[in-house]
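**Student:** So the chains spell out like this:
Protein chains: 2
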Amino acid sequence: MKIALDAMGGDHAPDVVIEGAVMAARELGVEVVLVGDRARIQPLLARHDTAGLSLPIVHASQVVEMHEHTLAVKEKRDNSMTVGVRLVKDGGADAFVTAGNSGAGMAAALFGLGRIRVPGGVKIDRPALCTFYPAAPNPCILLDMGANADPQPENLLQFAMMGAVYAGRVMGIANPRIGIVSNGEEADKGTMLVRETYPLLQRSGLNFVGNVEGKDIGRGLADVIVTDGFTGNVIIKLSEGLFSFLVRHLRSELTRGGLNKLGLVLLIPAAVLALPGLALLSPALRRIVKRVDYAEYGAAPLLGVNGIVLIGHGRSNAKAIKNAVRAAARAVENDLVHAIEAGLKELPPSAAAAAGQTGPAPEPAA
Amino acid sequence: MKIALDAMGGDHAPDVVIEGAVMAARELGVEVVLVGDRARIQPLLARHDTAGLSLPIVHASQVVEMHEHTLAVKEKRDNSMTVGVRLVKDGGADAFVTAGNSGAGMAAALFGLGRIRVPGGVKIDRPALCTFYPAAPNPCILLDMGANADPQPENLLQFAMMGAVYAGRVMGIANPRIGIVSNGEEADKGTMLVRETYPLLQRSGLNFVGNVEGKDIGRGLADVIVTDGFTGNVIIKLSEGLFSFLVRHLRSELTRGGLNKLGLVLLIPAAVLALPGLALLSPALRRIVKRVDYAEYGAAPLLGVNGIVLIGHGRSNAKAIKNAVRAAARAVENDLVHAIEAGLKELPPSAAAAAGQTGPAPEPAA
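Sequences listed follow chains A and B, in order. For the first sequence, the residue numbers in numbering that gives the first Met the number 0 are 0 to 365. For the second sequence, the residue numbers in numbering that gives the first Met the number 0 are 0 to 365.
Think of the hints as simulated: they come from the structure by calculation, not from any bench. Backbone N, C-alpha and C fix where the C-beta goes; we use that ideal spot for every residue, glycine too. Wrong hints could be hidden among the right ones.
Said to hold, decoys possible - Partial list, computed: chain A residues near chain B (C-beta under 8 Å): (1) Gly-145; (2) Ala-148; (3) Asp-149; (4) Gln-151; (5) Pro-152; (6) Val-180; (7) Gly-189; (8) Thr-190; (9) Lys-214; (10) Asp-215; (11) Arg-218; (12) Phe-229; (13) Val-233; (14) Leu-241.
As the list claims (entries may be wrong) - One-sided and incomplete, this derived list gives chain B residues near chain A with beta-carbon spacing under 7 Å: (15) Ala-148; (16) Thr-190; (17) Met-191; (18) Gly-213; (19) Lys-214; (20) Gly-217; (21) Phe-229; (22) Lys-236; (23) Glu-239; (24) Gly-240; (25) Leu-241.
Produce the complete structure using the sequences and hints provided.
**Tutor:** Structural data, given as structure tokens:
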């Protein structure tokens, strides 16, 4: 299996990405194709013991920086994302992973691979970025995480379908429960978008469990939770921010209070990447951190494009990169694109119709 | 000073509300008018030592329950919210506080008091519910918290104005910084609503500092942060939910790990109301909890209605009720409605025009 990895993508690229790539090649036994500036990658790679590992370099002369506009992937024609996606398109790699500019990564994937289209069936209008949100007892799939700020109800229905297929076929969850983020439990709560999506989900044949309030996102009430990319982005970033906020508070208070509980300031997950001393934690706290640490999940798949592309967190450390490659490998093993196609084919006709059947419309349900 | 309090409102009403009212009357020296079912209130009140305190009852025969639709305030004409708001309207109280059904509370306030309208100037189209979000070093004002799921850009501009006036005149923050929730820092990020509001805020004469991402809401980058009521609701409830999630994790992990750190499971703020044993915490941790515990803030003002109405959390305990009365008393002392009117009058003409001047439009700015 060959996983193409954007060596230039992420806040700590290329050093940390290469470190993660070496870990992935060694621990997972996959070939990791490093895409980026050969002159920068080669000396960094030489610092590692790569004997027996397969880590070829595919040169790309340009980089889309983290702060650049999404469309920079069009202007910089030889950027590492476009080159990496082309590898997938041309069969030179089974999947592409980037921890770089996520908007640009999504654009590169969409331009390079196009969208999934089931012949005579559903055509995906917009891909969605999904993530694994730490819920109890198991993480749930939350999508869209920012690809679409202003989607239509039909887009949200398609997100739900793709999420359901992913949960069912890749994660092995039988009859996954689908929820939608809203500002109240009742069916009449929500923006116009949510209220118009609600009946589509009800009629979709999916296992729709209704609205999920902000306080319930982490409570495991649904396996797949859909929302627009704006709200999804706020949810993810707020969750990260809250952890950091608590850490700062705990730190200043502990300093002030003269307490000697170093472990305490380390228990907050999102900040763990930036903090040393995880080993100081008790085993119990380490388990908590692990359960909510996004570095464990590595990267999230972009669902709906016609190829396997995963987007990681810009702050990814080497472990997160390694786990991103692992997530990509799992998607390849599960034949993600064909799984989604197959899942979309199996949808009840009513759902397919609502989600935009490309063939003739089916007879209305009785 | 007379504060009318909805004795029937909240998950723990009327018992806990009455307990909080007694505390408020004693500690704050204000008259607390208990609005609700006299037959239920009187025996509960008799259990407390109320000697020397002013706690009159104004009878209301009906209650809008927590789960009822907002418009129940119209159907149940003698409900405690409508009666309490009428007291404010008729001068029988200086402010009204409820921890009941927040949608119904807003509706009762809007129907009973109308909206603020500056003669020849800005007319508030929609009131906004604001809250104090725990940010470092000081809490920020976050609005709207759920009164408007689908506002227009002009509504968000008005929310910003009212928030700025509140921050400046009531909280004493000079030239308060105004931000808007978005999914990126750049001006071109956001939903269409956010992108259309952005230039209005830029031209408003307010101290607009731009977009605030989810991760930065608690970072004190702005004193007033505006958003639509849907996103605001998700932000608040997600924040509460995250705290609870951590508590549950910590609990199960601690049990499993056999650690003996009881204090640890108590440090998470939103859950504190439901948990005993705050005294077990170290002084340092108690300070943290206090800083982020919503019971400390008590209730948030509904800005834009022509009278002082505060909405508290449905889960309010007696301390939260007491602090809600305190927040109401502070709003009365600061003459909140006239302060907002005066602030709106002082707005630069460009801002007033964008926000919907009721008089003739001003000359366009050069």
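**Student:** The structure should be examined with respect to each hint, and the outcome stated for every one.
**Tutor:** Status of each hint after checking the structure:
Interface restraint check: A:Gly-145 against chain B, minimum CB-CB distance 6 Å, threshold 8 Å, status holds. Hint on A:Ala-148 holds. Least Cβ distance to chain B is approximately 5 Å, under the 8 Å limit. The beta carbon of A:Asp-149 comes within 5 Å of a beta carbon in chain B, closer than 8 Å, and the hint placing it at the interface holds. Taken as an interface hint, A:Gln-151 does not check out: its beta carbon lies about 12 Å from the nearest beta carbon of chain B, beyond 8 Å.
Against a cut-off of 8 Å between C-beta atoms, the interface hint on A:Pro-152 is violated, since the closest Cβ of chain B lies about 14 Å away. Interface restraint check: A:Val-180 against chain B, minimum CB-CB distance 6 Å, threshold 8 Å, status holds. The beta carbon of A:Gly-189 is positioned within 8 Å of a beta carbon in chain B (closest approach about 6 Å), and the interface hint is therefore held. Annotation: interface hint on A:Thr-190 holds; nearest CB of chain B at approximately 5 Å, less than 8 Å.
Satisfaction of the interface hint for A:Lys-214 is found here, the shortest Cβ-Cβ separation to chain B being roughly 3 Å, below the 8 Å cut-off. Hint status for A:Asp-215: holds, given a least beta-carbon distance of 6 Å to chain B, under 8 Å. The beta carbon of A:Arg-218 is positioned within 8 Å of a beta carbon in chain B (closest approach about 7 Å), and the interface hint is therefore held. This hint holds: A:Phe-229 has a C-beta 5 Å from the nearest C-beta of chain B, less than the 8 Å allowed.
Using the Cβ-Cβ criterion of 8 Å, the hint placing A:Val-233 at the interface with chain B is satisfied: the shortest such distance is roughly 4 Å. Proximity of A:Leu-241 to chain B holds as hinted, the smallest CB-CB distance being about 5 Å (cut-off 8 Å). For B:Ala-148, the interface hint holds, since its Cβ comes within 7 Å of a Cβ in chain A; the closest pair sits about 5 Å apart. Because the closest C-beta pair between B:Thr-190 and chain A is about 5 Å apart, less than 7 Å, the hint holds.
A distance limit of 7 Å between C-beta atoms decides the matter here; for B:Met-191 the minimum to chain A is near 5 Å, and the interface restraint holds. A least Cβ separation of about 3 Å between B:Gly-213 and chain A falls short of the 7 Å threshold, and the interface hint therefore holds. Among the interface hints, the one on B:Lys-214 holds; its C-beta lies about 3 Å from the nearest C-beta in chain A, closer than the 7 Å criterion. A least Cβ separation of about 4 Å between B:Gly-217 and chain A falls short of the 7 Å threshold, and the interface hint therefore holds.
The beta carbon of B:Phe-229 is positioned within 7 Å of a beta carbon in chain A (closest approach about 5 Å), and the interface hint is therefore held. Hint status for B:Lys-236 relative to chain A: holds, with the closest Cβ pair at about 3 Å, below 7 Å. With its C-beta approaching chain A no nearer than about 5 Å, B:Glu-239 sits inside the 7 Å limit, and its interface hint holds. Hint on B:Gly-240 holds. Least Cβ distance to chain A is approximately 3 Å, under the 7 Å limit.
Because the closest C-beta pair between B:Leu-241 and chain A is about 5 Å apart, less than 7 Å, the hint holds.
Hints 4, 5 from the earlier list are contradicted by this structure; the remaining hints agree with it.
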